[in-house]
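Please work from the sequences and hints to get the whole structure.
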Amino acid sequence: MSRETGHSDHIPGTCVFTGQRSQQGLKLNSFAFSLHKAENREAYRQDPDGYMDGYGLSAWEKQKVKEKDWKALIEEGGGNIYMLLKVGAMTGDGLVPIGAQQRGESVEEFMKTRNVPLRQNM
Amino acid sequence: MSRETGHSDHIPGTCVFTGQRSQQGLKLNSFAFSLHKAENREAYRQDPDGYMDGYGLSAWEKQKVKEKDWKALIEEGGGNIYMLLKVGAMTGDGLVPIGAQQRGESVEEFMKTRNVPLRQNM
Amino acid sequence: MGRLVAGIGSSHVPSVGVAFDQNQQEAPGWKPLFDGYKPAKAWLKDVGITHAIVLYNDHGTDFFFDKYPTFALGVADEYPIGDEGWGARPLPAVKGDAVFSWHLANSLVVESEFDLTICQEMVMDHGLLVPLPLLFDHEPDWSVRTVPFQVNVLQHPLPTPHRLWKLGQALRTAVESYPDDVRVVVVGTGGLSHQLHGDRFGHMNSDWDKEFLDRIEDDPESLVDIPHDEWMERGGAEAVEMMVWLGMRGALTPKVNKIHRNYYLPMLSGMGLTVLEDTLTSAAA
Amino acid sequence: MGRLVAGIGSSHVPSVGVAFDQNQQEAPGWKPLFDGYKPAKAWLKDVGITHAIVLYNDHGTDFFFDKYPTFALGVADEYPIGDEGWGARPLPAVKGDAVFSWHLANSLVVESEFDLTICQEMVMDHGLLVPLPLLFDHEPDWSVRTVPFQVNVLQHPLPTPHRLWKLGQALRTAVESYPDDVRVVVVGTGGLSHQLHGDRFGHMNSDWDKEFLDRIEDDPESLVDIPHDEWMERGGAEAVEMMVWLGMRGALTPKVNKIHRNYYLPMLSGMGLTVLEDTLTSAAA
Ligand SMILES: [Fe+3]
Ligand SMILES: [Fe+3]
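Protein chains in written order, with my numbering: chain Y, 1 to 122; chain L, 1001 to 1122; chain H, 2001 to 2285; chain D, 3001 to 3285.
Capping the alpha-carbon separation at 25 Å, the derived lysine to any residue pairs in SDA-like fashion look like this: (1) Lys1037/L / Asp2077/H; (2) Lys1062/L / Asp2083/H; (3) Lys112/Y / Ala3027/D; (4) Lys3067/D / Glu2113/H; (5) Lys1037/L / Asp3066/D; (6) Lys1027/L / Ile3081/D; (7) Lys1027/L / Gly2087/H; (8) Lys1112/L / Leu2265/H; (9) Lys2255/H / Arg2183/H.
Listed next, with one range per pair, are the computed distances between beta-carbon atoms: (10) Ala2042/H / Lys1027/L: 47 to 53 Å; (11) Gln2169/H / Lys3255/D: 32 to 38 Å; (12) Pro117/Y / Asp2141/H: 55 to 61 Å; (13) Pro3039/D / Pro117/Y: 24 to 30 Å; (14) Gln2169/H / Glu109/Y: 50 to 56 Å; (15) Ser2112/H / Glu1108/L: 48 to 54 Å; (16) Asp2141/H / Glu1108/L: 40 to 46 Å; (17) Arg2215/H / Asp1049/L: 48 to 54 Å; (18) Glu1042/L / Glu3230/D: 51 to 57 Å; (19) Glu1039/L / Lys2038/H: 37 to 43 Å; (20) Ala3042/D / Gly1054/L: 45 to 51 Å; (21) Asp2225/H / Lys1027/L: 36 to 42 Å.
If the Cβ cut is set under 7 Å, some of the chain Y residues that face chain D in the computed set are: (22) Ile11; (23) Thr14; (24) Phe33; (25) His36; (26) Tyr82; (27) Lys86; (28) Ala89; (29) Gln102; (30) Val116; (31) Leu118.
Calculated from the structure, these hints are not laboratory results.
These numbers were taken from a predicted model, which means no experiment stands behind them.
Even glycine gets a Cβ: it sits at the ideal position worked out from N, Cα and C.
The structure is reproduced here in structure tokens:
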């Protein structure tokens, strides 16, 4: 199915990052991508709302970023996980808390599911 | 020959814009490309040397730009004609004077070689 | 279902845009050029074109040699008018169709294995903007939805004419698998003969231009094996743009109906226009 | 003459870079991973590798969805170390070889008709930077010249595994037509099983990882027709990166000598390493 449309969503718990989602999340992801520059991270820290306004983010997007609602940003907002990881890197949220939130678990609960619980991973 | 190397120079009076030339002229062409923005053209007009320094141009490149020596910029400097046209657009030199200089002719001499001498062309 | 209705080849000389904006259509030097587009525009309206896939090349408006794509496909709903060094032309932003464009992207990359650079942001260059308002209404807004497809003809290595031919075939496949009733023209822009640099500045070759116009119509496959050097020798170094027309022609049926042709050779370059009707679509209509 | 000596498949988990920079090589959680690279590094030195063509994917370090290439080839003499959000790693700039890279570009675009985006400026991402210092010395400077080759595995439509396989074959052709005596390894990075988003975050599949490691070695063509959906179902959505290994394997002889393999499955992803010697080159040596 996705071979034809690129818009496959039949794998449970999975949001394939299609063109459709990329179009929807273009501003959000552009904001997140910009944080690969240290001066932009500093500018965000000084004024999160102003910085996000500069990328044209909606009130909903700004709220979800501030709430660290990664699940909503990805499932409803067209966020790309690799771009959002730069937001997490800036706010001190690594991949594990970002993933646990998406699974609806605490970090502790999630860590119990791992065979070798490395501090940093991915 | 160029099928293998991309570096064909056997057509008389012709500098094929190969990877080699693109590498050589990267800074020069980057400077010229930047002039597609009005604010950059204004910044150049205010301070040509300072502006070109910002793109890392060599003394030779800066001199040839100021002398409008398009022939040298292309044949020796790796300049790309489409990028250099933006320098000409800024300094008021259209394609005809740029081309006549490369042929070693005056604009008047060059115009005599044309069948329909349109004011603006290309 | 998507239908490929026609193909158009057109030159894209920047001064045509200047002359158009300054209403020089009736000036003696320009009239032979502008008059040539009138029957083309009328016919395109007549056959109900909804979408134009425009194969063209950028000239330093949006793409630079830091990262230079061989093929770049636009997938936006709107494309801003570029500033090529003397300010942007007074045209409305080019109207796209993101859904249709993403469909083409999926088909070209996954089915036909083209290695596209996919552009959600893309600024329009005279390579597209010169022919577009000569072929379609643009006031108060564009009468057509455009898919820009940028081809590298500036920095060698260039795509081969054979690759462009295959691209045309893949575009047809992509259009025909679109579920909506779009009526598509593929436009290839560039050339004809011209050289803009070196001692050979001003080179033109009307014999080759006319031969090319014949062959692109009747025997296009005879053009696909011509090496880059030969395009440059015959037409001038910058006339490698003519290869882009093969991407248009490859999308059409082997036999086509010639609707219209124009040729004019002023000043610095051969200016050509050809309008070709797809025979499969015309037979089905 | 250019010789294709070997192929390497490797994961590129970012935390490996952090652990490496913090000298965690002997820490119990990390030792099984780092020890796996030691024989690989020693062997590469032994066989005199001069150049590494590294097929990898960017993760938002240098490429954004405004203009997203399917395939991007680096052609610079030097590539800066990227900042992925927490500062650049303390590694010397990656050493390239522009002349060799442009040769590859010419061969891939003109001979083999790949539609590359050609990058004279390209910032390095952990996709390349994680394995590189595990395979080659980097102090005081890199012991290898690197050609970065970026593959889109982020934004669908992705290149097909079949296209990556053909890319590998084209890379071999390009290497073998190079006039200088370079000794080349092709590295494919990515995977193995992992999913980083959604309810399925943390999905791993060691059975599939191990099957993949077997098949990439012994029966790689059996992998080229697996559709994108199946890669995602088996390995996780982000495990489409595993397809990149086919670009490496396609460059090698059908039969290869297995030099080394490592597999480790901690935390969030299968971490694999495979070192395969080309049998044509080894026979000729
Ligand atoms: Fe042009
Ligand atoms: Fe990765």
